[in-house]
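Here the protein sequences line up with chains A and B, keeping their order.
Going by numbering that gives the first Met the number 0, the letters in the first sequence line up with residues 0 to 289, in that order.
Going by numbering that gives the first Met the number 0, the letters in the second sequence line up with residues 0 to 355, in that order.
Please keep in mind that the hints were generated in silico from the structure rather than gathered at the bench.
Treat the hints with care, as some may be off.
[Stated by the list, open to error] Think about it this way: if two alpha-carbon atoms lie no more than 30 Å apart in a straight line, the pair counts; the simulated DSSO-like pairs of lysine-lysine are:
{"no.": "1", "chain 1": "B", "residue 1": "K211", "chain 2": "A", "residue 2": "K43"}
{"no.": "2", "chain 1": "B", "residue 1": "K106", "chain 2": "A", "residue 2": "K103"}
{"no.": "3", "chain 1": "A", "residue 1": "K15", "chain 2": "A", "residue 2": "K77"}
{"no.": "4", "chain 1": "B", "residue 1": "K278", "chain 2": "A", "residue 2": "K43"}
{"no.": "5", "chain 1": "B", "residue 1": "K317", "chain 2": "B", "residue 2": "K278"}
{"no.": "6", "chain 1": "B", "residue 1": "K220", "chain 2": "A", "residue 2": "K103"}
{"no.": "7", "chain 1": "A", "residue 1": "K103", "chain 2": "B", "residue 2": "K211"}
{"no.": "8", "chain 1": "B", "residue 1": "K278", "chain 2": "A", "residue 2": "K103"}
{"no.": "9", "chain 1": "B", "residue 1": "K278", "chain 2": "B", "residue 2": "K29"}
{"no.": "10", "chain 1": "A", "residue 1": "K43", "chain 2": "B", "residue 2": "K105"}
{"no.": "11", "chain 1": "A", "residue 1": "K103", "chain 2": "B", "residue 2": "K105"}
{"no.": "12", "chain 1": "A", "residue 1": "K43", "chain 2": "B", "residue 2": "K317"}
{"no.": "13", "chain 1": "B", "residue 1": "K220", "chain 2": "A", "residue 2": "K43"}
{"no.": "14", "chain 1": "A", "residue 1": "K151", "chain 2": "A", "residue 2": "K253"}
{"no.": "15", "chain 1": "B", "residue 1": "K270", "chain 2": "B", "residue 2": "K106"}
[Unchecked claim] So these bits of chain B aren't anywhere near chain A, every CB distance computed over 12 Å:
{"no.": "16", "residue": "K29"}
{"no.": "17", "residue": "I70"}
{"no.": "18", "residue": "V73"}
{"no.": "19", "residue": "I74"}
{"no.": "20", "residue": "I80"}
{"no.": "21", "residue": "V92"}
{"no.": "22", "residue": "F100"}
{"no.": "23", "residue": "V113"}
{"no.": "24", "residue": "L116"}
{"no.": "25", "residue": "T182"}
{"no.": "26", "residue": "F222"}
{"no.": "27", "residue": "L256"}
{"no.": "28", "residue": "L282"}
{"no.": "29", "residue": "F348"}
For each residue, glycine too, the CB sits at the ideal point set by N, CA and C.
Residues per chain are reported as follows:
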Amino acid sequence: MQTLTVEREGLLYAIKCIQYYCGGGYYLLLWALAALFLLIRGTKAERRYFVYPALMLLLTVFNPVFPVLINHFFDINKEYYRFFWIAPVIVTVAYTAVRSVFEKTENRAGRIILSIGILMVLAGAGTFAYADGYTVQENTYKVPNEVIAVSKLIRENSEVEYPVALCDFNMQMEIRQYDASILLTADRTQYLAVINNEEQDDQVKEQNTHVNRLLNVITKNVAIPEEKFLESMQETNTEFIVLSKESPVIDYLKESGLTEVGTTGTRVVLHYDLPERRPMELADYTQFWN
Amino acid sequence: MIQLLIATALIILNFILYAAFGSLVTGRLKDRPFSATVSVITGFFLYYLLFELVCVPIMLKWRPLSLLSEIWGVILAVVVIAAVVLNRKLLAVKVSETGKFLLSHKKFAVLSAVLVLAELIVIIHAYQFTLDAAFYVSTATTSLQTDMLNIYDPYTGMWQDHFEMRYFFATYPLNDAVMCRLTGVHPLLWTKTVMEAGTIILSNLIYYRIGKHLFREDYRKTFLFLVFCGFMNFFFTTIYTASAFLTTRTYEGKAILGNVVMPLIFLLYLKLIEDDRDKMLWLMIFMTATGSAVLSNSANMLVPTAVAVFSLPLAVIKRRFSVLIKAFICVLPCLLLVLMYVAYVRGMFVIYTYPR
Numbered sequence: 000m001q002t003l004t005v006e007r008e009g010l011l012y013a014i015k016c017i018q019y020y021c022g023g024g025y026y027l028l029l030w031a032l033a034a035l036f037l038l039i040r041g042t043k044a045e046r047r048y049f050v051y052p053a054l055m056l057l058l059t060v061f062n063p064v065f066p067v068l069i070n071h072f073f074d075i076n077k078e079y080y081r082f083f084w085i086a087p088v089i090v091t092v093a094y095t096a097v098r099s100v101f102e103k104t105e106n107r108a109g110r111i112i113l114s115i116g117i118l119m120v121l122a123g124a125g126t127f128a129y130a131d132g133y134t135v136q137e138n139t140y141k142v143p144n145e146v147i148a149v150s151k152l153i154r155e156n157s158e159v160e161y162p163v164a165l166c167d168f169n170m171q172m173e174i175r176q177y178d179a180s181i182l183l184t185a186d187r188t189q190y191l192a193v194i195n196n197e198e199q200d201d202q203v204k205e206q207n208t209h210v211n212r213l214l215n216v217i218t219k220n221v222a223i224p225e226e227k228f229l230e231s232m233q234e235t236n237t238e239f240i241v242l243s244k245e246s247p248v249i250d251y252l253k254e255s256g257l258t259e260v261g262t263t264g265t266r267v268v269l270h271y272d273l274p275e276r277r278p279m280e281l282a283d284y285t286q287f288w289n
Numbered sequence: 000m001i002q003l004l005i006a007t008a009l010i011i012l013n014f015i016l017y018a019a020f021g022s023l024v025t026g027r028l029k030d031r032p033f034s035a036t037v038s039v040i041t042g043f044f045l046y047y048l049l050f051e052l053v054c055v056p057i058m059l060k061w062r063p064l065s066l067l068s069e070i071w072g073v074i075l076a077v078v079v080i081a082a083v084v085l086n087r088k089l090l091a092v093k094v095s096e097t098g099k100f101l102l103s104h105k106k107f108a109v110l111s112a113v114l115v116l117a118e119l120i121v122i123i124h125a126y127q128f129t130l131d132a133a134f135y136v137s138t139a140t141t142s143l144q145t146d147m148l149n150i151y152d153p154y155t156g157m158w159q160d161h162f163e164m165r166y167f168f169a170t171y172p173l174n175d176a177v178m179c180r181l182t183g184v185h186p187l188l189w190t191k192t193v194m195e196a197g198t199i200i201l202s203n204l205i206y207y208r209i210g211k212h213l214f215r216e217d218y219r220k221t222f223l224f225l226v227f228c229g230f231m232n233f234f235f236t237t238i239y240t241a242s243a244f245l246t247t248r249t250y251e252g253k254a255i256l257g258n259v260v261m262p263l264i265f266l267l268y269l270k271l272i273e274d275d276r277d278k279m280l281w282l283m284i285f286m287t288a289t290g291s292a293v294l295s296n297s298a299n300m301l302v303p304t305a306v307a308v309f310s311l312p313l314a315v316i317k318r319r320f321s322v323l324i325k326a327f328i329c330v331l332p333c334l335l336l337v338l339m340y341v342a343y344v345r346g347m348f349v350i351y352t353y354p355r
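This is chain A alone, in the form it adopts within the complex:
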């Protein structure tokens, strides 16, 4: 939960985490109701199985004091929600549902109808994993075909074993999953910092001067003097830029000396002939092996 911090939220942190965790759904509520039902109507064994752990969880990970306490020792701000995984929500709700189905009715048809009813409640209590649409994979690699086409274009137009490229965000996140011989100018943190306008401390800003400059050009269309742009291309050893065909900076890049080496469905691949090429080579570790 990137936007929440224990320092800022204090005792409200756990509550806000729970709200984020549930989204608009009611699964934690269903779990609490199932545990309550088993506390009242359950057998001794059922209480031991489900109710005692639920009470322990309420006293610990769902307790607003708990994150405040452990944050003194470890930074748990971003990942506290994972503690909620300990709660056996699915198992408890499913168990109670099965128990209800078999307790409420004896006949097969009744059980089927009740089960369908419960499934409808369960569907209504949450959000379908593919509510925003189900995208079928385009190939067995499970990356868009364009990733494969772009990496092929880069390989065909590079004279070095490890070409360096700067791509639009989605391509940036996927291209090295397919072909790790293509190096990238910016890492994920640098990329996200620029597109989200995150504050960088002076040391980081200085270290990232050239990367930030290039990212500002391709993601925000920030116009900078051509020589500064090319200086950053040289300093970062960047030979290729991959952008959407719709990107407004393509003309600027072409005017700065980059040439189009090809296009794919929605992207254009531009090449820059580095004045001073410093091909990346793998470090030689064999000398340390004896």
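Once you've looked at the hints, dock chain B against the given chain A.
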């Protein structure tokens, strides 16, 4: 089509390997019946625990992936041969027993298989754009490309002067790289199909064991339990839930942590309520805790907390303080790794990727 056949064969191979590892423990137990599902689950954690013990020293000595792959290939061969030789009598009996079980519970077996297959098809067939794949899958592709282990930044491919301790002991993606090297398949096929399928099947196996335990081997109830569990995993899906990791980020170690490790700890708690002095169950908790450290750095915090959450009521129910001591011993390796990570974050040590 060929890729699909290869992927299917590799999924089966993975389960044979887990079963072989597990059977070396479960096949030796004389006081309880041999179980294929328990062997697979035990084997999974034993597999990764052993991999960690082999991988970390090789990484520390800056040795190549190819060396790790050769050593791991030999270990896998030895384990499989040992499992077959040591369990040969048991295997014949168990294959026939499993056949009889499937025949006598034909409806349950077929319906459960259809249910899991449906989950597999829906999840594996979907394309998901997730940022963390840029790290996890690229760790495997980068390792294969450079023939080194965690020396190069998976995001950019650039050389790193020190190991990132957050991922140092979480060697799960390095096992992906090793298996890709041994089998020759692309890391994308391995991680996003073979391992995804493995996680979904393992998760269902644990739900099956929980259902079987809770409903005292009533397979009608167990099947309905599997239906509800599977269904809920598709609806309890804000980006933070374990179910969301199962349906969208299945190739990550964290998906296994949320959907295999956590339900398994709950299952072991159910078993311990019946007999908290069963050494095998405590050994299983120890293996799960230690093996989980390989999956994700988060496991080092999450597993001790989960074990504490379940062992405190257990200690009260059984009125035995020794339960807490056993639980503490089980999670000690995780706690040591947490302390190590905290020391690294506070700048107390760095492990460089070259001699200094």
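Item to check | 30 Å Cα cutoff - pair K278 of chain B, K43 of chain A | outcome: holds (25 Å)
Checklist entry - Taking 30 Å as the top limit, are the C-alpha atoms of K270 of chain B and K106 of chain B close enough? => result holds (27 Å)
Checklist entry - Can we trust that F348 of chain B is non-interface, i.e. its beta-carbon lies farther than 12 Å from all of chain A? => result holds (17 Å)
Item to check | Reported absence of I70 of chain B from the contact zone with chain A (all CB gaps over 12 Å) | outcome: The claim holds: I70 of chain B sits with its nearest Cβ about 14 Å from chain A, beyond 12 Å.
Checklist entry - Taking the minimum C-beta separation from L256 of chain B to chain A, is that value above 12 Å? => result violated (7 Å)
Item to check | 30 Å limit on alpha-carbon distance, applied to hinted pair K103 of chain A and K211 of chain B | outcome: holds (21 Å)
Checklist entry - Going straight from one Cα to the other, do K220 of chain B and K43 of chain A come out at no more than 30 Å? => result holds (20 Å)
Item to check | Minimum Cβ distance from F222 of chain B to chain A greater than 12 Å, as the annotation requires | outcome: Answer for F222 of chain B: violated, closest chain A Cβ roughly 9 Å.
Checklist entry - For the pair supplied as a hint, K43 of chain A and K317 of chain B, is the alpha-carbon distance within the 30 Å limit? => result Judged against 30 Å, a Cα distance of about 14 Å means the pair holds.
Item to check | Non-interface label on V92 of chain B, tested against every C-beta of chain A at 12 Å | outcome: holds (32 Å)
Next on the checklist: Quick check for students: does the CB of F100 of chain B sit more than 12 Å from each CB in chain A?
Outcome noted: holds (21 Å)
Checklist entry - Can we trust that K29 of chain B is non-interface, i.e. its beta-carbon lies farther than 12 Å from all of chain A? => result holds (28 Å)
Violated hints for the displayed structure, listed by number in ascending order: 8, 10, 26, 27.
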